[in-house]
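**Q** Required output: the full structure, derived from the provided sequences and hints.
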Amino acid sequence: MGLRETLARLALDGPVPVFVVAGGGLDHELVRLKLDPRIRLVSTPRSANVMLAMGAPTSRLLRPAARVHDQMSHPRATVWAPGSASIDRITRLFPEIGIVRAPDDPVDHVLATHERLIHGERPSEPDVLPNEEPNPWRGVGPYGQGGKGMTGGVPYGRPLPQRSGDRDGLELDVLDLRVGPFFPHLPAGFEMTVKLQGDIVQEVRIHRPPRAGIRSDLHDPVLQRVAAESVCIAELELARARHHVLGFAGALHFHGLQALGRRVARMATTLSPDSAPTILRLRRLVPTTGVLSWSTKGVGVVSRALAEELRGPNARASGVLRDLRAHDPTYQALGFEPIGREEGDAAARWKQRIDEAIQSVELARRAEGARTTPGLGVEGPRGPIGSPTLTSRDDLSIVTGLIEGMEWGDALTTIVSLDLGPMVQL
Amino acid sequence: MNPWTHAAISLAAVAGVLLVGGYVVAVLDRAVSDAVSGVAVRWRAAFGDPVREAALTLLSQRTTTERPDAEGWALAPALLTALAASALVVIPAGPGLDVADIPAGLVLFGAATALVTIAVFLHGWSANSPFPLVGAYRFIAVALSVEIPFFLVLIGTALPAESLAVGDVVRSQTGMWNVLRQPLGLPIYLVGALGVAFWGPLNLSDAEDLALGTLAEVSGLPRLLWQSGQASLLVALAAMGAAAFLGGWLGPWLPGWIWMTGKTGVLLAVLVAGRHLLARVRLERFVVFGWTVLIPLALVDVFVAGISLL
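As given, the protein sequences belong to chains A and U, one line each in that order.
Per the working numbering, residue 23 is the first one in the first sequence, and the count goes up by one each step.
Per the working numbering, residue 14 is the first one in the second sequence, and the count goes up by one each step.
Just so you know, these hints were derived from the structure itself, not from any lab.
Just so we're clear, the structure is a prediction, and the values are computed from it rather than from any experiment.
Watch out, some of these pointers could steer you wrong.
Here's a subset of chain U near chain A, in silico, CB distances under 7 Å, partners left out [said to hold, decoys possible]:
#, residue
1, A68
2, Q74
3, Y150
4, D181
5, R184
6, G188
7, E230
8, L234
Beta carbons: idealized from backbone N, C-alpha and C, even for Gly.
**A** If you want it as structure tokens, here you go:
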């Protein structure tokens, strides 16, 4: 048996590294993937052999998806799980991608595809986009730009090194960086152009979402119904708790605690009205990891005045205690009172969500058969359902204002802690 | 012994320790990960998966970026592994069981671990891509605040030994281990080790918020080499921690090398657990912490070590 066959035989028994490209509204599906021991979700396409794309693509996202695809190392394959949507557009635009329709369990398809790929029964997919330099090296001039002096072109299709304003006494060359729309830990479709000087965010431009008010945070069946009809409060509150606990699991992963994140995600999938002690234990345990202190404390502080522009837990973590549930007589009868904090930083936003999750589970336990009162509006996990969320066009400027001048790590910590909704429905 | 035979045996011993040690790091990492994520530890997977993942990584082709510094990129993982090996050679596994227990062992160890900065920067710089470059900047930014206290507490252990040879440092602990004699030493050393090996809470250069930073553009064999280089570095750091603070080979009944292996294993487990139980620090806050808390404490440690000799 040759070395390659031996390696292939060994490689097939391990978890398959997968880079996931997913649209909004697939949080539950993503959690299931994260908890599946047969695959390993990776943070960069370079370390994946299979790209798993989920959702029906818009043409705006196909090109970035293709860019991610081309970054994977050979041997590579794509599994596209478009749900019920048509895949014509994908096959028409990118006929080279081998698409496996995966209406059932995408993981089974990933495993089967991977096995065939490693055995050499399926060819590795070629690049989808042309692999060529935007401005090829021409060997003439100080930057190879093909002319004398500074004229004659832009080397490598990028501007020449620039200096930016001095923020911390150390002037480094500016790095222009485009992040998204599939950057892990950022909401689906979130795209921004950043000017970095060293580790400091000098300028940021968040790309506007294609249309405002995509309410894809309403991935939970209960939350989908709640705007149209009166729903059982116990179900609604459990959905809210699930949303917050899942969000926190993602934050733990972002801060380097993958294993603990998996534990918390599993907890979220099994929440019941009796789960308050479990979340409370989590609330007591988590501070020992430093995730609510040295990683997030004092980061991305939203002042009370700025919080007036925000909604939901983001506003309440800065002391603006607006909550539609306070006006609902049924909730009042259950003893509901909005809870809040004053600090307004990333740590406060996560503490706020965990506390609200505990409160929601308690409400679910007390609610029994009670239902929401129609016509009063409903408070969702990210604020009133039906009102624009923070991912709407105007509110993104708040995010921009917050993260300019921060270190890159703090900027991402801030964005993650704001629990922005997905910007696209892939 | 013929010097060539000695060199061959030494080389094989160092390579063997680094390979086995690196594998133990990978196994421990999976076992602790299972335990923390709330499932029963899958020992079969813990022992098998590192080999399977390595096989898959080897099967994957290396990728490239637009005009990388190819030589630097290829050299960085080799440099990291060579530095780990250089740091390891000065640490004796038992009395007389050493590769190069030279009179200036602590100095060579310090030099090798300090040069890790070059390996990490080279790795990030050479990719010619923003995230790896920012990862490289970050390591440079944090390096001094980690390495100064790290070396200061090591100097503290040389004082009672009145020697810079690691074997002498171990022998000086016959009556009492340095972990008790210099209580500040080991905790500061472990924080420094996390920083030097860019591991767990101090993994800022290959961090999740940079899509793995200096590793973001690497696949195939270079990825495997980089990861095994990092694991080798952890092994060398844990071995030095065992020798300098936990009495190295000293211990009753069992042969010295078993004590040394056990103590190194314990420190490796502590470092691996740190990765799963402590969140990533913020760069700026950690640098401030390093200069205002760790370095003064390390100086106190050296001062206490000096006073106790009077």
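**Q** Taking the least C-beta to C-beta distance, is D181 of chain U closer than 7 Å to chain A?
**A** Interface hint status for D181 of chain U: violated (37 Å vs cutoff 7 Å).
**Q** Given G188 of chain U was flagged as interface, is its beta-carbon under 7 Å from a beta-carbon of chain A?
**A** 35 Å, violated
**Q** Against chain A, is R184 of chain U within 7 Å by beta-carbon distance?
**A** 38 Å, violated
**Q** Can Q74 of chain U be said to touch chain A, with a Cβ gap under 7 Å?
**A** It holds, given that the least Cβ distance between Q74 of chain U and chain A is near 4 Å, below 7 Å.
**Q** Does A68 of chain U pass the interface check with chain A, least Cβ-Cβ distance below 7 Å?
**A** 4 Å, holds
**Q** Is the shortest C-beta separation between Y150 of chain U and chain A less than 7 Å?
**A** 5 Å, holds
**Q** With a cut-off of 7 Å, does the beta carbon of E230 of chain U approach a beta carbon of chain A closely enough for the hint to hold?
**A** 6 Å, holds
**Q** Please verify that hint: L234 of chain U, Cβ, nearest Cβ of chain A, below 7 Å or not.
**A** Not OK, violated: L234 of chain U not within 7 Å of chain A, min 11 Å.
Going down the numbered hints, you'll see the structure goes against 4, 5, 6 and 8, while the others check out.
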